[in-house]
Amino acid sequence: LGTDPSSDKEIFEEKDVTFSTYVYKSKSKKYLIIASSHTLSDEYRFLDANRPDGKFKIIQPREKDLLYDVTHYKDKFYIRTNYKAKNFRLMATPVNKTAKGNWKEVIPHRDDVLLQGFEIFKDFLVVNERKNGLPNLRIMRWDKKGEHYLDFEEEAYSAYIAYNPEFDTDVLRYGYTSMTTPRSVFDYNMNTKEKTLLKQQEVLGDFDSNNYHAERLYATARDGTKVPISLVYRKGLEKNGDNPLLLYGYGSYGASMNAGFSSVRLSLLDRGFVYAIAHIRGG
1 LGTDPSSDKE
11 IFEEKDVTFS
21 TYVYKSKSKK
31 YLIIASSHTL
41 SDEYRFLDAN
51 RPDGKFKIIQ
61 PREKDLLYDV
71 THYKDKFYIR
81 TNYKAKNFRL
91 MATPVNKTAK
101 GNWKEVIPHR
111 DDVLLQGFEI
121 FKDFLVVNER
131 KNGLPNLRIM
141 RWDKKGEHYL
151 DFEEEAYSAY
161 IAYNPEFDTD
171 VLRYGYTSMT
181 TPRSVFDYNM
191 NTKEKTLLKQ
201 QEVLGDFDSN
211 NYHAERLYAT
221 ARDGTKVPIS
231 LVYRKGLEKN
241 GDNPLLLYGY
251 GSYGASMNAG
261 FSSVRLSLLD
271 RGFVYAIAHI
281 RGG
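The sequence shown begins at 1 in the UniProt record's numbering and counts up by one.
One thing to keep in mind: the hints can contain errors.
As the list claims (entries may be wrong) - Derived lysine-lysine pairs resembling DSSO-like cross-links, with alpha carbons at most 27 Å apart: (1) K84 - K104; (2) K29 - K131; (3) K74 - K97; (4) K15 - K57; (5) K122 - K15; (6) K131 - K30; (7) K30 - K122; (8) K193 - K144; (9) K29 - K122; (10) K100 - K27; (11) K57 - K29; (12) K29 - K84; (13) K74 - K122; (14) K104 - K122; (15) K145 - K104; (16) K144 - K100; (17) K122 - K97; (18) K199 - K226; (19) K29 - K104; (20) K30 - K86; (21) K100 - K193; (22) K193 - K145; (23) K199 - K145; (24) K25 - K76; (25) K30 - K57; (26) K144 - K97; (27) K55 - K86; (28) K199 - K235; (29) K84 - K57; (30) K84 - K55; (31) K226 - K193; (32) K64 - K76; (33) K144 - K199.
Unchecked claim - What follows is a set of in silico ranges between Cβ atoms, one per label pair, in the way DEER data are often shown: (34) T225 - G175: 46 to 52 Å; (35) G54 - D168: 25 to 31 Å; (36) D206 - D151: 25 to 31 Å; (37) H38 - K199: 33 to 39 Å; (38) G54 - G254: 23 to 29 Å; (39) F207 - F19: 42 to 48 Å; (40) K131 - H38: 26 to 32 Å.
Source of the hints: derived by calculation from the structure; they are not laboratory data. Using N, Cα and C, we set each Cβ at its ideal position, and we do this for glycine too.
Using the sequences plus the hints, can you model the full thing?
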(Lines of atoms letter the chains of each structure in order from A; the text may use other names.)
(Lines give C-alpha, C1' and ligand atoms only; values in the text may rest on other atoms or scores of the structure.)
Protein backbone atom coordinates (compact mmCIF):
# COMPACT_ATOMS: atom_id res chain seq x y z
CA LEU A 1 0.00 0.00 0.00
CA GLY A 2 1.13 3.55 -0.73
CA THR A 3 3.36 2.59 -3.68
CA ASP A 4 2.85 3.00 -7.42
CA PRO A 5 0.38 0.32 -8.60
CA SER A 6 2.65 -0.40 -11.56
CA SER A 7 5.12 -1.98 -9.14
CA ASP A 8 2.54 -4.34 -7.62
CA LYS A 9 3.21 -8.05 -7.96
CA GLU A 10 0.52 -10.13 -9.65
CA ILE A 11 -0.43 -13.08 -7.45
CA PHE A 12 -3.13 -14.71 -9.55
CA GLU A 13 -5.11 -14.12 -12.73
CA GLU A 14 -8.25 -16.05 -13.62
CA LYS A 15 -8.01 -16.53 -17.36
CA ASP A 16 -11.44 -18.12 -17.81
CA VAL A 17 -13.98 -15.29 -18.06
CA THR A 18 -16.80 -17.64 -17.07
CA PHE A 19 -15.34 -18.01 -13.56
CA SER A 20 -15.76 -15.49 -10.74
CA THR A 21 -12.88 -15.04 -8.29
CA TYR A 22 -12.64 -13.84 -4.71
CA VAL A 23 -10.11 -13.90 -1.87
CA TYR A 24 -10.67 -14.53 1.82
CA LYS A 25 -8.87 -15.56 4.99
CA SER A 26 -9.82 -18.82 6.66
CA LYS A 27 -11.76 -18.54 9.91
CA SER A 28 -8.75 -20.07 11.65
CA LYS A 29 -6.72 -17.06 10.36
CA LYS A 30 -4.04 -19.52 9.20
CA TYR A 31 -4.58 -19.46 5.43
CA LEU A 32 -5.28 -17.04 2.61
CA ILE A 33 -7.61 -18.63 0.08
CA ILE A 34 -8.35 -17.75 -3.55
CA ALA A 35 -11.62 -19.18 -4.85
CA SER A 36 -12.53 -19.53 -8.51
CA SER A 37 -16.16 -20.44 -9.01
CA HIS A 38 -18.38 -21.40 -11.93
CA THR A 39 -21.91 -22.76 -12.13
CA LEU A 40 -20.54 -26.26 -12.75
CA SER A 41 -17.02 -26.15 -11.29
CA ASP A 42 -14.91 -24.81 -8.41
CA GLU A 43 -11.21 -24.44 -7.70
CA TYR A 44 -9.51 -23.25 -4.50
CA ARG A 45 -5.92 -22.21 -3.78
CA PHE A 46 -4.37 -21.70 -0.35
CA LEU A 47 -1.32 -20.01 1.16
CA ASP A 48 0.04 -19.87 4.70
CA ALA A 49 -1.02 -16.40 5.93
CA ASN A 50 2.28 -16.04 7.79
CA ARG A 51 4.21 -16.50 4.53
CA PRO A 52 2.60 -14.01 2.13
CA ASP A 53 5.52 -14.24 -0.30
CA GLY A 54 4.95 -17.97 -0.78
CA LYS A 55 3.18 -19.71 -3.61
CA PHE A 56 -0.52 -20.57 -3.61
CA LYS A 57 -1.26 -24.30 -3.87
CA ILE A 58 -4.33 -25.77 -5.55
CA ILE A 59 -6.52 -27.85 -3.25
CA GLN A 60 -8.24 -29.76 -6.07
CA PRO A 61 -7.92 -28.81 -9.76
CA ARG A 62 -11.15 -27.75 -11.42
CA GLU A 63 -13.20 -30.42 -13.16
CA LYS A 64 -16.48 -30.14 -15.03
CA ASP A 65 -19.42 -30.90 -12.73
CA LEU A 66 -17.21 -31.01 -9.60
CA LEU A 67 -18.36 -28.49 -6.99
CA TYR A 68 -16.73 -27.94 -3.63
CA ASP A 69 -16.04 -25.31 -0.97
CA VAL A 70 -13.43 -25.25 1.76
CA THR A 71 -12.94 -24.39 5.44
CA HIS A 72 -9.81 -24.98 7.55
CA TYR A 73 -9.82 -26.57 11.01
CA LYS A 74 -6.72 -27.77 12.90
CA ASP A 75 -4.61 -29.85 10.49
CA LYS A 76 -7.34 -30.46 7.91
CA PHE A 77 -9.45 -28.80 5.27
CA TYR A 78 -13.16 -29.58 5.51
CA ILE A 79 -14.78 -29.76 2.12
CA ARG A 80 -18.44 -29.74 1.12
CA THR A 81 -18.69 -31.37 -2.28
CA ASN A 82 -20.94 -33.04 -4.82
CA TYR A 83 -18.18 -35.56 -5.64
CA LYS A 84 -20.10 -38.85 -5.99
CA ALA A 85 -22.86 -37.11 -4.02
CA LYS A 86 -25.75 -35.39 -5.81
CA ASN A 87 -26.97 -33.84 -2.55
CA PHE A 88 -23.42 -33.07 -1.35
CA ARG A 89 -21.47 -34.58 1.52
CA LEU A 90 -18.80 -33.33 3.92
CA MET A 91 -15.21 -34.53 3.54
CA ALA A 92 -11.91 -33.86 5.32
CA THR A 93 -8.35 -34.00 4.05
CA PRO A 94 -4.89 -33.21 5.49
CA VAL A 95 -3.55 -29.79 4.51
CA ASN A 96 -0.56 -31.47 2.86
CA LYS A 97 -2.67 -33.95 0.83
CA THR A 98 -5.58 -32.02 -0.61
CA ALA A 99 -6.44 -33.74 -3.93
CA LYS A 100 -9.82 -35.48 -3.94
CA GLY A 101 -8.21 -38.94 -3.79
CA ASN A 102 -7.28 -38.11 -0.18
CA TRP A 103 -10.70 -36.90 0.93
CA LYS A 104 -12.29 -38.86 3.79
CA GLU A 105 -15.99 -38.78 4.50
CA VAL A 106 -17.26 -36.92 7.59
CA ILE A 107 -20.97 -36.65 6.76
CA PRO A 108 -22.18 -39.10 4.09
CA HIS A 109 -24.46 -38.37 1.18
CA ARG A 110 -28.17 -38.84 1.89
CA ASP A 111 -30.82 -39.22 -0.78
CA ASP A 112 -33.39 -37.24 1.20
CA VAL A 113 -31.18 -34.45 2.63
CA LEU A 114 -29.36 -31.63 0.83
CA LEU A 115 -26.18 -30.43 2.56
CA GLN A 116 -26.32 -26.68 1.88
CA GLY A 117 -23.43 -25.41 3.97
CA PHE A 118 -21.53 -25.61 7.24
CA GLU A 119 -19.80 -23.44 9.84
CA ILE A 120 -16.87 -24.45 12.01
CA PHE A 121 -16.28 -23.39 15.63
CA LYS A 122 -13.67 -24.49 18.16
CA ASP A 123 -15.99 -27.03 19.81
CA PHE A 124 -18.82 -27.32 17.29
CA LEU A 125 -19.62 -28.10 13.69
CA VAL A 126 -22.86 -26.50 12.47
CA VAL A 127 -24.45 -27.96 9.36
CA ASN A 128 -27.12 -26.30 7.23
CA GLU A 129 -29.34 -29.03 5.75
CA ARG A 130 -32.56 -29.08 3.73
CA LYS A 131 -35.10 -31.89 3.96
CA ASN A 132 -38.56 -31.95 2.41
CA GLY A 133 -37.91 -28.39 1.26
CA LEU A 134 -37.32 -27.09 4.82
CA PRO A 135 -33.93 -25.88 6.13
CA ASN A 136 -32.52 -27.37 9.32
CA LEU A 137 -29.53 -26.34 11.46
CA ARG A 138 -27.70 -29.32 12.94
CA ILE A 139 -25.31 -28.78 15.86
CA MET A 140 -22.53 -31.37 16.20
CA ARG A 141 -19.76 -31.50 18.81
CA TRP A 142 -16.21 -32.27 17.74
CA ASP A 143 -15.80 -34.44 20.85
CA LYS A 144 -18.77 -36.53 19.60
CA LYS A 145 -20.60 -36.11 22.93
CA GLY A 146 -23.89 -35.44 21.24
CA GLU A 147 -25.67 -33.47 18.55
CA HIS A 148 -29.04 -31.80 18.13
CA TYR A 149 -31.14 -29.76 15.73
CA LEU A 150 -32.50 -26.29 16.42
CA ASP A 151 -36.23 -26.41 17.06
CA PHE A 152 -38.08 -23.86 14.94
CA GLU A 153 -41.61 -24.95 16.00
CA GLU A 154 -43.46 -23.47 13.00
CA GLU A 155 -44.54 -25.61 10.03
CA ALA A 156 -43.36 -23.28 7.24
CA TYR A 157 -40.22 -21.20 7.77
CA SER A 158 -36.75 -20.30 6.54
CA ALA A 159 -33.53 -20.38 8.58
CA TYR A 160 -29.88 -19.88 7.71
CA ILE A 161 -26.43 -19.56 9.26
CA ALA A 162 -25.62 -15.85 9.55
CA TYR A 163 -22.20 -14.17 9.75
CA ASN A 164 -20.13 -15.91 12.43
CA PRO A 165 -16.56 -14.55 12.41
CA GLU A 166 -15.69 -15.74 15.93
CA PHE A 167 -14.07 -19.17 16.16
CA ASP A 168 -13.72 -19.71 19.92
CA THR A 169 -17.34 -19.21 20.97
CA ASP A 170 -20.37 -21.27 21.97
CA VAL A 171 -22.76 -18.83 20.27
CA LEU A 172 -24.18 -19.37 16.79
CA ARG A 173 -25.78 -16.43 15.02
CA TYR A 174 -28.55 -17.37 12.63
CA GLY A 175 -31.36 -15.77 10.67
CA TYR A 176 -34.99 -16.82 10.78
CA THR A 177 -38.28 -15.90 9.17
CA SER A 178 -41.61 -17.56 8.50
CA MET A 179 -44.81 -16.66 6.71
CA THR A 180 -46.03 -15.09 9.97
CA THR A 181 -42.71 -14.02 11.55
CA PRO A 182 -40.77 -10.99 10.23
CA ARG A 183 -37.09 -11.42 9.37
CA SER A 184 -35.18 -11.97 12.63
CA VAL A 185 -31.62 -12.48 13.82
CA PHE A 186 -30.90 -14.71 16.82
CA ASP A 187 -27.92 -15.71 18.94
CA TYR A 188 -28.09 -19.35 20.00
CA ASN A 189 -25.96 -20.81 22.79
CA MET A 190 -25.00 -24.25 21.52
CA ASN A 191 -24.34 -25.52 25.06
CA THR A 192 -27.38 -24.22 26.94
CA LYS A 193 -29.70 -24.16 23.87
CA GLU A 194 -30.82 -20.66 24.82
CA LYS A 195 -32.05 -18.36 22.02
CA THR A 196 -31.72 -14.57 22.17
CA LEU A 197 -33.54 -12.35 19.68
CA LEU A 198 -31.20 -9.56 18.56
CA LYS A 199 -33.19 -7.83 15.85
CA GLN A 200 -36.47 -8.17 14.00
CA GLN A 201 -37.83 -6.48 10.91
CA GLU A 202 -40.14 -3.61 11.82
CA VAL A 203 -43.64 -3.88 10.37
CA LEU A 204 -45.67 -0.68 10.16
CA GLY A 205 -49.27 -0.49 11.30
CA ASP A 206 -50.87 -2.67 13.94
CA PHE A 207 -49.38 -5.96 12.73
CA ASP A 208 -49.80 -8.87 15.12
CA SER A 209 -48.42 -12.22 14.04
CA ASN A 210 -51.03 -13.95 16.21
CA ASN A 211 -53.69 -12.86 13.70
CA TYR A 212 -52.28 -15.16 11.01
CA HIS A 213 -51.76 -18.87 10.57
CA ALA A 214 -49.30 -20.72 8.33
CA GLU A 215 -49.24 -24.37 7.45
CA ARG A 216 -47.57 -26.83 5.15
CA LEU A 217 -49.27 -29.18 2.71
CA TYR A 218 -48.16 -31.60 0.01
CA ALA A 219 -49.54 -31.94 -3.51
CA THR A 220 -48.93 -35.13 -5.47
CA ALA A 221 -47.47 -34.59 -8.94
CA ARG A 222 -48.35 -36.80 -11.91
CA ASP A 223 -45.23 -38.90 -11.34
CA GLY A 224 -46.09 -39.43 -7.67
CA THR A 225 -43.62 -36.86 -6.29
CA LYS A 226 -44.80 -35.04 -3.17
CA VAL A 227 -44.47 -31.27 -3.78
CA PRO A 228 -44.37 -29.14 -0.58
CA ILE A 229 -46.69 -26.14 -0.40
CA SER A 230 -46.44 -23.42 2.26
CA LEU A 231 -49.53 -21.31 2.78
CA VAL A 232 -50.70 -18.52 5.07
CA TYR A 233 -54.06 -16.93 5.82
CA ARG A 234 -55.74 -14.79 8.44
CA LYS A 235 -57.13 -16.70 11.40
CA GLY A 236 -60.87 -17.13 11.34
CA LEU A 237 -60.90 -17.92 7.63
CA GLU A 238 -63.60 -20.43 6.76
CA LYS A 239 -62.13 -23.23 4.66
CA ASN A 240 -65.06 -23.69 2.33
CA GLY A 241 -63.29 -23.64 -1.03
CA ASP A 242 -64.61 -20.19 -1.93
CA ASN A 243 -61.63 -18.11 -0.77
CA PRO A 244 -59.41 -16.44 -3.38
CA LEU A 245 -55.92 -17.92 -3.65
CA LEU A 246 -52.68 -16.38 -4.87
CA LEU A 247 -50.28 -19.21 -5.73
CA TYR A 248 -46.60 -18.51 -6.40
CA GLY A 249 -43.93 -20.92 -7.52
CA TYR A 250 -40.35 -20.78 -8.76
CA GLY A 251 -37.60 -23.36 -8.82
CA SER A 252 -34.52 -23.50 -11.00
CA TYR A 253 -30.72 -23.91 -10.94
CA GLY A 254 -31.02 -25.90 -7.73
CA ALA A 255 -32.78 -23.03 -5.96
CA SER A 256 -36.21 -22.93 -4.39
CA MET A 257 -38.36 -20.22 -2.86
CA ASN A 258 -38.22 -20.21 0.92
CA ALA A 259 -41.24 -19.68 3.12
CA GLY A 260 -40.57 -16.17 4.37
CA PHE A 261 -42.40 -13.10 5.62
CA SER A 262 -43.67 -10.28 3.40
CA SER A 263 -45.51 -7.23 4.70
CA VAL A 264 -46.81 -6.59 1.18
CA ARG A 265 -49.09 -9.62 1.28
CA LEU A 266 -50.76 -8.64 4.59
CA SER A 267 -53.39 -6.56 2.79
CA LEU A 268 -54.41 -9.62 0.76
CA LEU A 269 -54.62 -11.80 3.85
CA ASP A 270 -56.71 -9.21 5.68
CA ARG A 271 -59.17 -9.27 2.75
CA GLY A 272 -59.64 -13.01 2.87
CA PHE A 273 -56.98 -14.25 0.48
CA VAL A 274 -54.94 -17.39 0.98
CA TYR A 275 -51.31 -17.01 -0.14
CA ALA A 276 -49.38 -20.13 -1.12
CA ILE A 277 -45.84 -20.94 -2.25
CA ALA A 278 -45.34 -24.16 -4.21
CA HIS A 279 -41.79 -25.40 -3.63
CA ILE A 280 -41.36 -26.86 -7.10
CA ARG A 281 -38.31 -28.10 -9.06
CA GLY A 282 -35.14 -26.94 -7.41
CA GLY A 283 -36.24 -27.56 -3.86
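Going through the hints against the structure:
With a C-alpha separation of about 13 Å, the suggested pair K84 and K104 falls inside the 27 Å cut-off, and the hint holds. Of the supplied pair hints, the one linking K29 and K131 is violated, its CA atoms being roughly 33 Å apart against a limit of 27 Å. Pair hint K74 plus K97 holds up; C-alpha atoms about 14 Å apart against a cutoff of 27 Å. Restraint check: the Cα-Cα separation between K15 and K57 comes to about 17 Å, which is no more than 27 Å; the hinted pair holds.
At roughly 37 Å between alpha-carbon atoms, K122 and K15 are farther apart than 27 Å, so this suggested pair is violated. Our distance criterion of 27 Å between C-alpha atoms is broken by K131 and K30, whose separation comes to about 34 Å. Our distance criterion of 27 Å between C-alpha atoms is met by K30 and K122, whose separation comes to about 14 Å. Between K193 and K144 the alpha-carbon distance is near 17 Å, which keeps this suggested pair within the 27 Å criterion.
A distance of roughly 13 Å separates the Cα atoms of K29 and K122; the hinted pair therefore holds under the 27 Å criterion. A distance of roughly 22 Å separates the Cα atoms of K100 and K27; the hinted pair therefore holds under the 27 Å criterion. For the given pair, K57 sits about 17 Å from K29 by alpha-carbon distance, which is consistent with the 27 Å threshold. For the hint pairing K29 with K84, the CA-to-CA distance comes to about 30 Å; that exceeds 27 Å, so the pair is violated.
For the hint linking K74 to K122, the alpha-carbon distance of about 9 Å falls within 27 Å, and the restraint holds. For the hint pairing K104 with K122, the CA-to-CA distance comes to about 20 Å; that is within 27 Å, so the pair holds. For the hint pairing K145 with K104, the CA-to-CA distance comes to about 21 Å; that is within 27 Å, so the pair holds. Between K144 and K100 the alpha-carbon distance is near 25 Å, which keeps this suggested pair within the 27 Å criterion.
Restraint check for K122 and K97: the C-alpha separation of about 23 Å stays at or below 27 Å, so the hint holds. For the given pair, K199 sits about 35 Å from K226 by alpha-carbon distance, which is inconsistent with the 27 Å threshold. Using a Cα cut-off of 27 Å, the hinted pair K29 and K104 holds, with the two alpha carbons roughly 23 Å apart. Between K30 and K86 the alpha-carbon distance is near 31 Å, which puts this suggested pair outside the 27 Å criterion.
Of the supplied pair hints, the one linking K100 and K193 is violated, its CA atoms being roughly 36 Å apart against a limit of 27 Å. As the CA atoms of K193 and K145 are separated by approximately 15 Å, the hinted pair is consistent with the 27 Å bound. Taking the CA atoms of K199 and K145, the gap is about 32 Å. The hint is violated against a cut of 27 Å. Our distance criterion of 27 Å between C-alpha atoms is met by K25 and K76, whose separation comes to about 15 Å.
A distance of roughly 14 Å separates the Cα atoms of K30 and K57; the hinted pair therefore holds under the 27 Å criterion. Using a Cα cut-off of 27 Å, the hinted pair K144 and K97 holds, with the two alpha carbons roughly 25 Å apart. Simply put, K55 and K86 have alpha-carbon atoms about 33 Å apart, too far for the 27 Å limit, and the pair is violated. For a cut-off of 27 Å, the pair hint linking K199 to K235 stands: about 26 Å separates their Cα positions.
Using a Cα cut-off of 27 Å, the hinted pair K84 and K57 holds, with the two alpha carbons roughly 24 Å apart. The hinted pair formed by K84 and K55 fails the criterion: a straight-line CA distance of about 30 Å is larger than 27 Å. At roughly 33 Å between alpha-carbon atoms, K226 and K193 are farther apart than 27 Å, so this suggested pair is violated. Note on K64 and K76: the hinted pairing holds, with a Cα-Cα distance of about 25 Å set against a maximum of 27 Å.
A hinted pair counts as satisfied when its Cα atoms are at most 27 Å apart, and K144 with K199 does not qualify at roughly 32 Å. A beta carbon spacing of about 29 Å between T225 and G175 contradicts the range 46 to 52 Å that was offered as a hint. Remark: the range hint 25 to 31 Å for G54 to D168 is upheld by a beta-carbon distance near 26 Å. Checked against the given bound of 25 to 31 Å, the beta carbons of D206 and D151, roughly 29 Å apart, stay inside it.
Taking 33 to 39 Å as the suggested C-beta distance range, the pair H38 and K199 conforms, at roughly 35 Å. About 36 Å separates the C-beta atoms of G54 and G254, a value inconsistent with the hinted range of 23 to 29 Å. Between F207 and F19 the CB atoms are about 44 Å apart, so this pair conforms to the stated range of 42 to 48 Å. For the pair K131 and H38, the supplied restraint of 26 to 32 Å holds, since their beta-carbon distance comes to about 27 Å.
When the structure is compared with the earlier hints, violations turn up for hints 2, 5, 6, 12, 18, 20, 21, 23, 27, 30, 31, 33, 34, 38 and for no others.
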